[in-house]
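*Asks:* Dock chain to chain to rebuild the complex, using the hints, since each chain is given by itself in its own frame.
Here are the chains, one letter per residue:
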Amino acid sequence: MYSKTVMDHFRNPRNVGVIEDADGIGEVGNPLCGDMMTIYLKIEDERIRDIKFQTFGCGSAIAVSSMLTEIAMGKTLDEAKKITNKDVAEALEGLPKNKLHCSNLGADALQMAIKNYEDVKSGKKRPELKRKDAHEHTHGEKCYCPYCDIEILPETTFCEACHTDLKENH
Amino acid sequence: MKIINLDRISSNPILPEVKDAMIAAIRKDFANPSSQHTPGEEAAEALEKARQAVADLIHCENPREVVFTSGGTESVNHAIKGVAFANMEQGKHIVTSNIEHNAVIRSIRRLKSMGFKVTSISVDPYGRVNPQDVADAIQEDTILVSIMHSNNETGTIQPIEAIGKITREKKVIFHCDAVDSVGVVRLDVQKLGVDLLSFASNTFYGPTGVGGLYIRRGTKVWPLLDGGIQENNKRAGAENLVGIVAMGVAAELANQHMESRLDHLNGLKKKLLDELPEYIDEYIINTHPEFSLPNLLSISVKYIEGESVVLMLDDEHISVSTRSACATGSLRASHVLLSIGRNHADAQGTLVVSFGVDNTEADITAFLTALQNVVTTLRNISPLYNKIAKS
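Here the protein sequences line up with chains A and B, keeping their order. Take 1 as the starting number for the first sequence in this note's numbering and just add one per residue. Take 1 as the starting number for the second sequence in this note's numbering and just add one per residue.
Next up, chain B with everything else stripped away, as it sits in the complex (with noise of 0.2 Å):
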């Protein structure tokens, strides 16, 4: 039975010529990219052939402004830490905002118990910072904003162009989280005004297990692992060279093919944001109208609760998220959500909708026809639907 993958955010599938490169990587038993013979420096061409392709699917002129870690969780981490342990003398603190990542969440919380201080920037009702609001937030001892380029969960993605202008002329160090950004939509890092930049090469069809960090040069950052001179001296350990080559081949398809797959990934986008109210009524879009990435649509569905939704929709072999607070681990209710003036009731059934290059506009009507019957079904379970129609 084929299973309608409308669950993106979560995983992609990696592209055959991608796996293609992996195997034939495998197959190479590349040699340690560090060794001066023959072998060694084979590698590490590979490697600097992969450094290229990934600089310039983010328009970075120095590719050594490129480094590869073990996915965006590393890169999040290494760019918060690395920071703030590096200009812990200048200044102890951060400013952030209140719809970011765990990785970034937790590597703040991390730093505040060791006696770092945070300012938290609340966002508008589509989950917006306002640049503004940066500003003033910026002190005397301020050594490190960060702010996510798209959020994982509504897709709406931020004015990071605007903060960077202010980062700049307030001479404080930018780091942007756009794990779900790179290789989806085009992303110059000049443009941008950014020091820092993590993103995932599983984003763009890639495997896991490998990401990238963009450090402009001259920005004071320390490593995360210590050990060996890999990487420039910024990320120590034998290269992950399988995970990278792929990597670079995955970069080049998404810089060669970005138009074609914005178009279609937007076609699919509109025609379930279109066609949305002849299925189902009494919801709300999460994701901003215009700043949007192209691949996601969170929606909170009224009086029903996300997990049976999934479980329902999993019957019908169709894979979405959601972001109920009865489908994660912890139980929370989300804070991007909360954030963006979500009531708990409403958090509860909010269904993520991220598609890929391969979804066709045949998976998004098969959705939406079983998403109306799943939640016809749901709101006769439910409480608070009857409340309403009693009323």
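With the rest of the complex left out, here is chain A (with noise of 0.2 Å):
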């Protein structure tokens, strides 16, 4: 089911754990199943010096996690900021289709650290962490179903490819 990247990352997570005096800190969720995500940050000099993560989630979300947190290291904030959900996924030579959409939010993570570190710095009370919620539209402006990632109509409140009753405002 998963490539041999997916499972070497699995199996030998890197950089886990909590910086404790971190300069950011990023925290996604995807409460419809459960998986979790929270990264932090060391910055130096515009530069993520040193990254860690904690996961909540399955295999391939413990990989996405792992991956990210390899390809940021040493970057520079503007490099970091391109980073992907996208970059993560093909890194990791593919996910399966159905997994693409609730356990890929490592980026997403990524991304509300950085921004996290640009608001205190800039001197903006560090807001309360506000884990996002169950469906944003993380890829485009079409509705998908978060429990099998096929296409809906956003009126929909049953998908017929995997017989799941959504709520109405996925």
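Calculated directly from the structure, the hints in this document are not laboratory data. Hints may contain errors.
What the hints assert, rightly or not - Think about it this way: if two alpha-carbon atoms lie no more than 30 Å apart in a straight line, the pair counts; the simulated DSS-like pairs of lysine-lysine are:
#1 Lys302/B to Lys4/A
#2 Lys97/A to Lys124/A
#3 Lys52/A to Lys220/B
#4 Lys4/A to Lys86/A
#5 Lys52/A to Lys97/A
#6 Lys52/A to Lys86/A
#7 Lys302/B to Lys191/B
#8 Lys191/B to Lys4/A
#9 Lys124/A to Lys82/A
#10 Lys97/A to Lys302/B
#11 Lys220/B to Lys165/B
#12 Lys97/A to Lys121/A
As the list claims (entries may be wrong) - Each pair of labels, with its calculated beta carbon distance range:
#13 Lys97/A to Gln132/B: 23 to 31 Å
#14 Asn12/A to Lys2/B: 22 to 30 Å
#15 Lys220/B to Met7/A: 47 to 55 Å
#16 Thr365/B to Asn12/A: 25 to 33 Å
#17 His37/B to Lys97/A: 53 to 61 Å
#18 Lys112/B to Glu20/A: 27 to 35 Å
#19 Asn102/B to Asn12/A: 30 to 38 Å
#20 Leu153/A to His59/B: 48 to 56 Å
#21 Pro125/B to Met1/A: 31 to 39 Å
#22 Lys112/B to Asp87/A: 39 to 47 Å
#23 Lys271/B to Pro96/A: 50 to 58 Å
#24 Lys115/A to Asn343/B: 28 to 36 Å
#25 Phe291/B to Asp8/A: 26 to 34 Å
#26 Met114/B to Lys115/A: 50 to 58 Å
Stated by the list, open to error - Some but not every residue of chain B turned toward chain A, in silico, with C-beta under 8 Å:
#27 Ile23
#28 Phe85
#29 Glu89
#30 Asp314
#31 Pro383
#32 Leu384
Glycine residues also receive a C-beta, built at the ideal position from the N, C-alpha and C atoms.
*Replies:* Following this line, the structure appears as structure tokens:
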């Protein structure tokens, strides 16, 4: 089911842990299926000097977090801002289609951590960490079933593909 | 490398004696049991011998009430759709529970789209239906009650006998999905008071692709498959005789060894349950302490996700199953776990450990030892555990 690279990062995840005096923290989650991811950054001279993660989720979610930290480590903030979820999935040699939507949240967490760093630096009060809502449109304006990632109509309350009842505000 | 298989709810190995019977049946080149010539009669004899063995397993006095099918899913579809189609002029209301298997849920959902009405009953924190709720849900136009015998995710067993009394009294047809119970626990269709009972051969170490449906004489039910007059006109199509013969042998063995198997399995379950706290903390047992299968334990391990556990245990050559949404194709949280009050995070960490007659106490110890390491590793990665530890 998973590529060799995914299994390698799952079995030996890189950069696991917490940075106690982090300069930026980003937290995302998908409460519908339960995956959660936290990214900690240590920034020096606008460059990522250290990055660590903690993840609650499936093999894919753990591998995504690990790969993301490897890609981002040492990058300037400008470079890091260009990292997308797609880049992470490609570096992992692909993810199962049904996992693309729910477990591939690493870059989102990174971008939130960078924003958190910039907000604090510019004098804004560190905002309460807020998890991403159940179903923001992470890939474009179209609607996708949060369970099987098949495109659905905005007003539908039932996914024909996986037989799931959906909330109206998906 | 020997694999420790603790995922018997997904599939069971075929017992050696059953394999031998299957091979002999293949070698025999059975004729069609419906044919009038001598080879046909020989085939019919083998068919009826298997039917008797299966009837004995469920204490069914008249073997003609047993219909062979292609497995549990067909039996369930046959029972539910067959009753609905045959009785729709009397009414279109069906009563079921919130924790049924997808075979039941989706059969009923199909009927719903054709205009049938459904009342689905909620369950207590261990997943048991209150029989009084069934009584209350039955209406004037109720034609069918379908409640499972044991749940495939939690192992919890339902008060079928009490529900059977109610459906008898109210004269409503009662179907029971007993796919995970028949051949594992003693079961008597007379005592249970069911009109239809679905079961599968692979639950008791027979092959997949063959199962049975008990249909009490006089129950109004249409066939699912139309065609020839096989199975007393209840299920058309030339019989899968190799599978049926094997199922018959497996049923005979299950009947014969039921007590010693129950002792063995209950022993393994007790060991797992008793020793678990020595290896991990912060978990919830979803299986009913008294009314449950002897061969299954559902454990929600907090702060970690089940698919990760399955993959890591697989590296240690141990197979278990998870009810985490991440491990299913649809990525949905288990309806059973949500129904018994687990939240999404705890549902995510749910393992189903199920064992068979060939598992040993050493297998349980190996599982517990490996589980301890896996849980420690994953909790160290988990932001949930980190937060709890801090607070």
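*Asks:* Hint by hint, note whether the structure agrees.
*Replies:* Hint by hint, here is what the structure shows:
| no. | hint | result |
| --- | --- | --- |
| 1 | Lys302/B to Lys4/A | holds, 28 Å |
| 2 | Lys97/A to Lys124/A | violated, 39 Å |
| 3 | Lys52/A to Lys220/B | violated, 64 Å |
| 4 | Lys4/A to Lys86/A | holds, 18 Å |
| 5 | Lys52/A to Lys97/A | holds, 26 Å |
| 6 | Lys52/A to Lys86/A | holds, 20 Å |
| 7 | Lys302/B to Lys191/B | violated, 40 Å |
| 8 | Lys191/B to Lys4/A | violated, 54 Å |
| 9 | Lys124/A to Lys82/A | holds, 23 Å |
| 10 | Lys97/A to Lys302/B | holds, 27 Å |
| 11 | Lys220/B to Lys165/B | holds, 19 Å |
| 12 | Lys97/A to Lys121/A | violated, 38 Å |
| 13 | Lys97/A to Gln132/B: 23 to 31 Å | violated, 46 Å |
| 14 | Asn12/A to Lys2/B: 22 to 30 Å | holds, 25 Å |
| 15 | Lys220/B to Met7/A: 47 to 55 Å | holds, 54 Å |
| 16 | Thr365/B to Asn12/A: 25 to 33 Å | holds, 27 Å |
| 17 | His37/B to Lys97/A: 53 to 61 Å | holds, 54 Å |
| 18 | Lys112/B to Glu20/A: 27 to 35 Å | violated, 54 Å |
| 19 | Asn102/B to Asn12/A: 30 to 38 Å | holds, 36 Å |
| 20 | Leu153/A to His59/B: 48 to 56 Å | holds, 52 Å |
| 21 | Pro125/B to Met1/A: 31 to 39 Å | holds, 33 Å |
| 22 | Lys112/B to Asp87/A: 39 to 47 Å | holds, 44 Å |
| 23 | Lys271/B to Pro96/A: 50 to 58 Å | violated, 36 Å |
| 24 | Lys115/A to Asn343/B: 28 to 36 Å | holds, 29 Å |
| 25 | Phe291/B to Asp8/A: 26 to 34 Å | violated, 45 Å |
| 26 | Met114/B to Lys115/A: 50 to 58 Å | holds, 52 Å |
| 27 | Ile23 | violated, 33 Å |
| 28 | Phe85 | violated, 21 Å |
| 29 | Glu89 | violated, 29 Å |
| 30 | Asp314 | violated, 10 Å |
| 31 | Pro383 | holds, 4 Å |
| 32 | Leu384 | holds, 5 Å |
Checked against the numbered hints given earlier, the structure breaks hints 2, 3, 7, 8, 12, 13, 18, 23, 25, 27, 28, 29, 30 and satisfies all the rest.
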